[in-house]
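**Q** In case you want the letters, here they are:
2 protein chains.
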Amino acid sequence: MNAKERYIVGVDLGGTNIVAGAMPVDGSREIAMSTTQTLAEGGAGAVVDRIAAMIDKVIAQTMAETGASRSAFLGVGIGSPGPLNRDKGIVIITPNLGWKNFPLRDEISSRVKLEATLDNDANCATLGEFWCGAAKGGRNVIGMTLGTGIGGGLILDGKLFHGASDVAGEIGHTTIDSTGRRCKCGNYGCLEAYASGPAIAERAREALRGDEGESILVGMVEGDARKITAATVYEAAKRGDITAREVVRETARFLGAGVANLLNIFNPDTVVLAGGVTQAGDALFQPLRAEVKRRAFKPAVQACRIVPGALPLSAGVVGAIAAFKQQKLGEL
Amino acid sequence: MNAKERYIVGVDLGGTNIVAGAMPVDGSREIAMSTTQTLAEGGAGAVVDRIAAMIDKVIAQTMAETGASRSAFLGVGIGSPGPLNRDKGIVIITPNLGWKNFPLRDEISSRVKLEATLDNDANCATLGEFWCGAAKGGRNVIGMTLGTGIGGGLILDGKLFHGASDVAGEIGHTTIDSTGRRCKCGNYGCLEAYASGPAIAERAREALRGDEGESILVGMVEGDARKITAATVYEAAKRGDITAREVVRETARFLGAGVANLLNIFNPDTVVLAGGVTQAGDALFQPLRAEVKRRAFKPAVQACRIVPGALPLSAGVVGAIAAFKQQKLGEL
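Top to bottom, those sequences are chains A and B.
Residues in the first sequence are numbered from 52 upward in steps of one, following our numbering.
Residues in the second sequence are numbered from 52 upward in steps of one, following our numbering.
Rather than coming from a laboratory, the hints here were simulated on the basis of the structure.
Accuracy of the hints is not assured; some may be wrong.
Repeated chains share a single entry, so a pair holds when one copy, or any two copies, can fit it.
Only pairs whose alpha carbons sit at most 30 Å apart, straight line, appear in this in silico BS3-like list of lysine-lysine [to be verified]:
no., residue 1, residue 2
1, K278, K349
2, K278, K344
3, K151, K187
4, K344, K139
5, K278, K210
6, K235, K108
7, K187, K278
8, K210, K139
None of the values given here were measured: they were computed from a predicted structure.
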């Protein structure tokens, strides 16, 4: 315990869950990290109530654990789905939460009587891995979160890059097949339309047409192909299922094309991949790295590590705390 | 004339031509801009001779025009094809010039007795448009040079972005069709394999197969389809040729997919396109902008101008001068 230690609270708001916790300003450890359901259908006010209650709980628990006083808390970093207006602290629109032009930062700030900052959730996840996780020591880091969608964050020359209007980093919506699969965003051939969790499941269902009998996939989900998820596909591949293995190989190929693009564009030192899809581990990373090596320029390949995230549960919170620190204290 | 004015010399080294000139440190005007052939087949020593002679001529002419003394020249910025090692001033490899690990910066510097800096040619072209051309006033600028190849440069938060090992910005080698056309770089479906000058000509030749009789294209090149260039295609399209028009439309579609990717990744305020292919003007830019609008996120589209370069002959030299200034004087 250190009477002079100062703390920042972090909140990672998602469509399904809210995660919150605290860290000392030096990022040395996570304190009072916990999760609760978002229950977005209750409306923005109810979600703000829930977030404020979590922050109070995090502060109380941190005080109890460390002996700190309430004045030791500098503020709250918030990560939220976007697009956002960071300057104004406004969530412009989030289909998952059903919000439009919601002043999330100031709502939270006035409730908990602390300064707050707002940044994009995928940016925060990348910044978290950069500050305390798998991308530590890097300087040019591209982060991707592979889940229901594919989010991205860019750390360039040691700082989060936001672009002209705070919407940079939409890596999931880069075209890898210009006449390919329709994406939910309206574009064709987006990386997300191939390598997100639902896209992997969909490609598995397509692969099954005509040879259901030879694959164990449908049997694994009580005979209902609609229940196949990316996790089912990776599990079946692990058990040797030929159809599933082909889907896994193709996923690595699509992802490899997307990641190779990032290497040729950014020449990063680290690409960190997190999210549910990456739980496949080496079954994903090995063919992915091989595909990137086939596609990208050699000097870019040599300069870059492609690694799984090290903070699967807390990267978003850690990064929201880091974003607060970078914005308010000017450094990390 | 201003006795206190200081000057920087710029050199833009290409596989075919060398361009050189000078500017006052404030970038207010171009002085003594001229071009000579590279004649790379004479070897690196002969090319260095030719560059040194051009620099001497530029200095002499600038002194004559402005009344400046030789001590008014701060140094030489050099733009060269890459990949490079900027720190060491070495050209690692350039297939067009046939060089390997050539210490270009120091060779020039010792010959002309001035400090020198080295940066990638596409980076310099982008920086030139940012400092004095079509991207002036921007802060996040993506530059593309569409010619024999497709080069790219990234200006992020007001500075050239080089990546972890100086090879960032290879926009031409981003995959837009992961199972598509083979690219010279070894990858499949690179933007360059569709929208470089030679790729446009090649797609026109393919489009002609089976309907040569209905197109004016072959007649325009003395009956020898191998002589078709991108310029031929755009000229034929202007005259109403249906085959050529389809090739032009498709070029805009491919380029649009590539540029839309850049908008979703970077959220830039400006994309500036230069090089021979962009001489097509509105015939290229109008369908290109429409395609980008169809593909990219609306906030990214709204934030971004897509414009032709304003310094078709001198962007590389102006940018090499700007790169020298940014590296040696710390600002632009």
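**Q** Which of the numbered hints are not met once you compare them with the structure shown?
**A** Structure breaks hints 1, 2, 3, 5, 6, 7.
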